[in-house]
Amino acid sequence: KQEVTQIPAALSVPEGENLVLNCSFTDSAIYNLQWFRQDPGKGLTSLLLIQSSQREQTSGRLNASLDKSSGRSTLYIAASQPGDSATYLCAVHGATAGNKLTFGGGTRVLVKP
Amino acid sequence: DAGITQSPRHKVTETGTPVTLRCHQTENHRYMYWYRQDPGHGLRLIHYSYGVKDTDKGEVSDGYSVSRSKTEDFLLTLESATSSQTSVYFCAISESSITGELFFGEGSRLTVL
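Residue numbers (our numbering), protein chains in the order written: chain X, -17 to 95; chain F, 760 to 872.
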């Protein structure tokens, strides 16, 4: 059974510092990995989708890497801003979950001005 | 933003009453999903649909039924609501269930008294 873990559960950084968010998964047989952002009381917003054949994906200040062999993905957010405060979730699409997404528990981020 | 509308956004009901949540999409995506999000459990898949009248169970389907009579609408029904079904329910859509990016609605907060 695929398990997805995000450590730490919460993170606080001063504005301007780079954010590094971790996601690990137990089964490397994945199709892709997706990073989401969730603001309080809101739905999930897709940030990046990395296919299993890719090593990284970039969008603006966001960069996500994927290392299937070690079962890890990292989301980097450069020059953090207070508006980046949110919960970040990763999810993997894999055959062991019937091709459906398995979510991590999320990392709650606070960027202090 | 993906065109996904969930209704109602908030509902309070009593134990034993039927409840129907609606998800409407304007993207013409083939796949639609219902998730619930609870503290300590994260996001869990209830049911999903891979086409009109084609649905299947997720990991927490007991007590829930779904219907999809049109591409754009996916209904989630609680035949007899229980307090354990108090949760935030999210609808999601994707073009492809395996490699496609998932897009989420804003959520429906259900309280069962």
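Don't read these hints as lab results, they were simulated from the structure. Incorrect hints may appear among the rest.
Output of the computed footprint for chain F on chain X, the stretches with three or more beta carbons under 8 angstroms from beta carbons of chain F [to be verified]:
#1 35 to 48
#2 59 to 72
Only part of the chain F face toward chain X is listed, based on derived beta-carbon distances under 7 angstroms [what the hints assert, rightly or not]:
#3 Tyr790
#4 Gly801
#5 Thr858
#6 Glu860
#7 Phe863
#8 Gly864
#9 Val871
#10 Leu872
Result set (DSBU-like, lysine-lysine): computed pairs, CA atoms no more than 35 angstroms apart in a straight line [to be verified]:
#11 X/Lys24 / F/Lys829
#12 X/Lys(-17) / X/Lys24
#13 F/Lys770 / X/Lys50
#14 F/Lys812 / X/Lys(-17)
#15 F/Lys770 / F/Lys812
#16 X/Lys94 / X/Lys24
#17 X/Lys24 / F/Lys770
#18 X/Lys(-17) / F/Lys816
#19 X/Lys94 / F/Lys812
#20 F/Lys829 / F/Lys812
#21 X/Lys82 / X/Lys(-17)
#22 F/Lys829 / X/Lys94
#23 F/Lys770 / F/Lys829
#24 F/Lys816 / F/Lys770
#25 X/Lys82 / X/Lys24
#26 X/Lys94 / F/Lys816
#27 X/Lys50 / F/Lys816
#28 F/Lys816 / F/Lys829
#29 X/Lys82 / F/Lys816
#30 X/Lys50 / X/Lys82
#31 X/Lys94 / X/Lys50
#32 F/Lys829 / X/Lys82
#33 X/Lys50 / X/Lys24
#34 F/Lys829 / X/Lys(-17)
Just so you know, these numbers come straight off a predicted model, no measurement behind them. Glycine included, each C-beta is placed from N, C-alpha and C at the ideal position.
Quiz item: Hey, F/Lys770 versus F/Lys812, does the alpha-carbon distance stay inside 35 angstroms?
Solution: Within the cut-off at roughly 26 angstroms; holds.
Quiz item: Does the CB of F/Gly801 sit less than 7 angstroms away from some CB of chain X?
Solution: With a minimum Cβ separation of about 5 angstroms from chain X (threshold 7 angstroms), the hint on F/Gly801 holds.
Quiz prompt | Restraint check for F/Lys770 with F/Lys829, where alpha carbons must lie at most 35 angstroms apart | solution = 24 angstroms, holds
Practice problem: With a cut-off of 35 angstroms on the C-alpha distance, tell me whether X/Lys94 and F/Lys816 pass. | Solution: 42 angstroms, violated
Practice problem: Take a quick look at whether X/Lys24 and F/Lys829 sit within 35 angstroms of each other, Cα to Cα. | Solution: Satisfied, since the Cα-Cα distance of roughly 26 angstroms is no more than 35 angstroms.
Quiz prompt | chain X contact restraint on F/Glu860 - CB to CB distance below 7 angstroms | solution = This hint holds: F/Glu860 lies near chain X, its Cβ roughly 5 angstroms from the closest one there, short of 7 angstroms.
Exercise. Would you check whether F/Gly864 satisfies its interface hint, that is, whether its CB is within less than 7 angstroms of any CB in chain X?
Key: 5 angstroms, holds
Exercise. Starting from F/Lys812, check that the Cα of X/Lys(-17) is at most 35 angstroms away, please.
Key: Satisfied, since the Cα-Cα distance of roughly 29 angstroms is no more than 35 angstroms.
Quiz item: Hey, X/Lys94 versus X/Lys50, does the alpha-carbon distance stay inside 35 angstroms?
Solution: 33 angstroms, holds
Practice problem: Starting from X/Lys50, check that the Cα of X/Lys82 is at most 35 angstroms away, please. | Solution: 17 angstroms, holds
Quiz item: Has the given pair, X/Lys94 with X/Lys24, been kept, meaning a C-alpha gap of at most 35 angstroms?
Solution: Between X/Lys94 and X/Lys24 the Cα gap is close to 21 angstroms, so the pair holds against 35 angstroms.
Quiz item: Quick one, are F/Lys816 and F/Lys770 close enough, alpha carbons at most 35 angstroms?
Solution: Given pair F/Lys816, F/Lys770 holds - Cα atoms ~24 angstroms apart, limit 35 angstroms.
Checked against the numbered hints listed earlier, the structure breaks hints 1, 2, 3, 9, 10, 13, 19, 22 and 26; every other hint is satisfied.
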